[in-house]
Each structure stands twice: as structure tokens, then as C-alpha cells.
Amino acid sequence: MELTVIIFLLLLSIILCTCFYVLSPAPRSIKGNLPPGPYRYPIIGNILDLGRNSHRSTAQLSKVYGPLMSLKLGNVTLMVITSPQLAKEALQKHDQSMYGRANPAVSEVHGHGKVSMIWLPTNDSRWRVLRGICKNHIFSRRRLDETEPLRQENLRKLRDYMQECYDSCGRVVNISSMAFSLSLNLLTSTLFSRDLSPLDSGPEATHDGVMEIVKALIKGVSTANVADYFPIFKFVDPQGIKRRAKAYVGKMFAILDDIISQRLQARWSLSMDSALSNDILDVLLDLSESDQLPQNQIKHLLMDLILAGTEATATTVEWTMAELIRNPTKMAKARHELQTLIGHDKQVQESDISSLPYLNAVVKESMRLHPIGPLLIPHKAETDVEMCGYLIPKNASVMVNVWAIGRDPSIWHDPERFEPERFFDRKIEFKGHDFELIPFGSGRRICPGMTLADRMVHLVVANMIHDFDWKLEGGMKPEELDLNENFTFSLHKAVPLKAIPIKL
-4 MELTVIIFLL LLSIILCTCF YVLSPAPRSI KGNLPPGPYR YPIIGNILDL GRNSHRSTAQ
56 LSKVYGPLMS LKLGNVTLMV ITSPQLAKEA LQKHDQSMYG RANPAVSEVH GHGKVSMIWL
116 PTNDSRWRVL RGICKNHIFS RRRLDETEPL RQENLRKLRD YMQECYDSCG RVVNISSMAF
176 SLSLNLLTST LFSRDLSPLD SGPEATHDGV MEIVKALIKG VSTANVADYF PIFKFVDPQG
236 IKRRAKAYVG KMFAILDDII SQRLQARWSL SMDSALSNDI LDVLLDLSES DQLPQNQIKH
296 LLMDLILAGT EATATTVEWT MAELIRNPTK MAKARHELQT LIGHDKQVQE SDISSLPYLN
356 AVVKESMRLH PIGPLLIPHK AETDVEMCGY LIPKNASVMV NVWAIGRDPS IWHDPERFEP
416 ERFFDRKIEF KGHDFELIPF GSGRRICPGM TLADRMVHLV VANMIHDFDW KLEGGMKPEE
476 LDLNENFTFS LHKAVPLKAI PIKL
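Take the sequence shown: its position 319, counting from 1, is numbered 314 in this note's numbering, and each next residue is one higher.
Worth double-checking, as some hints may not be accurate.
Pair by pair, the computed Cβ-Cβ distance ranges are [claimed, not checked]: (1) S350 x G235: 47 to 53 Å; (2) Q257 x L478: 40 to 46 Å; (3) H408 x Q80: 17 to 23 Å; (4) D340 x K229: 53 to 59 Å.
Think about it this way: if two alpha-carbon atoms lie no more than 16 Å apart in a straight line, the pair counts; the simulated EDC-like pairs of lysine to aspartate or glutamate are [stated by the list, open to error]: (5) K493 x E468; (6) K88 x E381; (7) K88 x D429; (8) K83 x E431; (9) K88 x D379.
Since the hints were made in silico from the structure, they are not lab data.
Virtual Cβ for every residue (Gly too), placed ideally from N, Cα, C.
Turn these sequences into a full structure, and let the hints guide you.
This is how it looks when you write it as C-alpha cells:
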């Protein structure tokens, strides 16, 4: 959270809200026996208890108040869950009652929240249509297999880029930036057969700085907004978050409109058979022509997929590489598996992933320690719900701290240690059924792109370590690598990972 900005604006909040707080009648909803939590200060509640890294602060608070804890953030009642048992109860047993979203103000720009699968409630027919499209037409195994050649071309470019850096007397690779560009290209090539960002371009990109647009939009969604906690500021936008988001969403929509328009022209000018490609955009346009998806909603869906998929893949790749570089024996073990089962100087295919158990364990361990979203996007209770004898009141937000679950010593032995071998002793998957490890969530709101993200992360990491070793710049020792975090929408390394590839 941007704590400094919030504290500054809270001074104004207190002045404006005090009269409303004092003069308004008490709410008529049932108070009941709320879960325990820290003392709530008037008006601001527990905002100051969270700090910048709210995944850590709520995990620490749960040691005092238990695995089901209540907080008050301005006008928002928030329930925080830090145990797999309660996560299962909330996301599965009470799925029919906790199907809503407390949409942030930023989701309203360009009417996005009204057509976005991320923000629509699951009982909305539009959500069900979008979910069905993702399941049956975008992320099905058949569709992903058909679009694999598009991703393999980007992986070839990755290998060429690493070779080029090695040939250039050991040029340093900004793995953080490269992983972001590569993840963006893997997604956009799958979606509409285009790369939008060179691997080594930094802030430059082929489509009007699209990488920076994507990063700006992710930052806008993840920035703590006073208006989300104090509705009195909803139409004021004191931090300018909505204004900036509106501008960047407009830029993203202009890019997507251009891509869609060019594809439509190609479809009209050619016969249908020759115009069809193996990407997702043609599938969506076919659905639009059969009245299953309004054409003006295609860009909203594409933007959701690009933002969520790029961020998830890039951050997981960076953390996985950081842990492998910091633990050379683990990297050597993963590489030995690749070279034994795949062979030298061969590009790893998606069909190879299931035959690489140690690589799978490495990715699971990385997701346990550094989950994509340490705090799952909150669900909203649409009715009063009882959990563990406590009341979860209607309209409360319910959030699962998967970071806390992943580092709980009662669940994981020596939880701070990077130890992929633990997954040979415990058969745990991250597909939403084992609540000790749910980086993609669970229940009806489990990430629809999990299957594609799973393929991309494994492929990128495998191709980065298969025929290359990595050393840190400036003679830094592996154990000196900084693993501090920076929590925004997802969990980033505070210091971007940079290393030098060494061809084997």
C-alpha cells in the first residue's frame, strides 16, 4: 500500500467523515459475533496495521487473532483467512454465498467492470458465458495444443537471445524485464499471433510502448485507493488513479481495436478457410459472428487475459530463476533431469513437462514461497455466513492469504527453505484441490488461465537452464542474492534479477 499517500489523505478523510460518522444512525445489519481482530480506530479502522506488505502484516496478526480474522479498512469490513481448512470452507462450502466482488473504483473506467470476468459476480449470466468461453474455446487442452507452435517460436527467440548475450562477452540479462517481455509475447502470440515487445528493449516496444502500458495498468489496479475505503471520495479521485487508468486503458483498447480491425479486414478479403489461423482471436470472432460474444467485449476479455497472464507468468519465472541461482545444486539437479530426458541442445516441448518431475517440483516450491498473488482477490459475501461460530456479515470482503499458508510451519517443514524435494514426499498439486497450495485460487473463481500459465512457466524456466548456467554480476555469490519482496498486484522481487548466461 502507498502508506504515505494514504496517511496524508486520511487527514482530510477524518475531517470530512467525522460528522457523517457521528450523525449517521447505527446500521441495522446483524452485528453477531464477528471474528477476532485488532482494535479498530474510529473512521480509519485498521488501515495503519497493514503497512506496505499486507501479506506479511496480516500473517503476523493472524498469529495473535487466529486463522479467521476481521479487520476494518475505512468503510470496508475485511475477513482474512490464513489456514487451508478455512480457505476450503470459504471457497468451496460457501461458494454459493461468497460469489461477489467488491469492485475497486479503477475497474469502472471504460465500463470495464460491467463486462470483465474478473469483476463480475459468478451468478451473472455474462460471467458464465465468459467462463465457458475460456474453458471450452481458449484454455482447453485441444486449443492449447493447437497454439503451441506460436509459443515455441518465442522460446526459440529466447534461446537465440541468451546465446547472443553469451557471445557478447557475457552480457548481463535483466531477467525481470526479459521475463515480462517474453511472457507478454507468449500470450499475445497465442491470442492473436503477434509479438508486442522485444526481449531486450527495456521501455521500448513495437506497439507504442505496450509493455509500459501493461505495467502501468497493473500498477493502477494494485495501488491502494482511498476511494475504495471511503466512498465519499469515489467521485473525487484524489490520487488520480482512475484518471491515469482511463488514459492507459484507452491506449490499450486502441491497440486491441487496431489488431481486431486488421483481422476483420483479412477475414473479409479472403475466403474463410484461408483466413483462419490457429490463434484465439479468430475463435472469438467466430463466437461473435454466432452471437455468443458481443464484438465490443472482445477487447475487454483480451485485456484481462493479457494483464493477468503476463504478470503471473513473469513474476513466477523471475522468482523461480532467483531461487535456482541462489541454490546452484538445485539448478544442477533440474538441468541434469532435462539433459537426461530431453537431451542436449534441444528445445523443450510442452509435451515434455509431465515427464520432468523435478522441474515440476521446482515450480511448485517457487509458487509456495512466492505465490503469484499472495492475497487472493477478495470475494464478497452476498448474504450473512457463519464460519467457525463467527458471523461473516453480508457485503464483507473475504480474502485468503496464500502466502501465510505457504509459510506455515505447522503445514510445511522448514518453510523458509527452498526444497523442491518436499513434493516427492507429499503429492500436492496447485490445481485448486489441495488448499495448502492454491496460488491460482480455487472454486468457481479459480484462475481460468492456469493451464496456460502452467505450460509457459515450465517451458521458460526449462529453456533458460537446459543448456545454460547463470552467474550473478559483479562477482556476487549465490547466497548473497537479495530475495526481498515488493508487494503490488503480485509479489515482485524488490531488486530486479540480473544475471549472466553461460553456455554449457
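Each hint tested on the structure:
no. : hint                    : verdict
1   : S350 x G235: 47 to 53 Å : holds, 51 Å
2   : Q257 x L478: 40 to 46 Å : holds, 43 Å
3   : H408 x Q80: 17 to 23 Å  : holds, 19 Å
4   : D340 x K229: 53 to 59 Å : holds, 57 Å
5   : K493 x E468             : holds, 7 Å
6   : K88 x E381              : holds, 11 Å
7   : K88 x D429              : holds, 15 Å
8   : K83 x E431              : holds, 10 Å
9   : K88 x D379              : holds, 14 Å
When each numbered hint is compared with the structure, no violation occurs for any of them.
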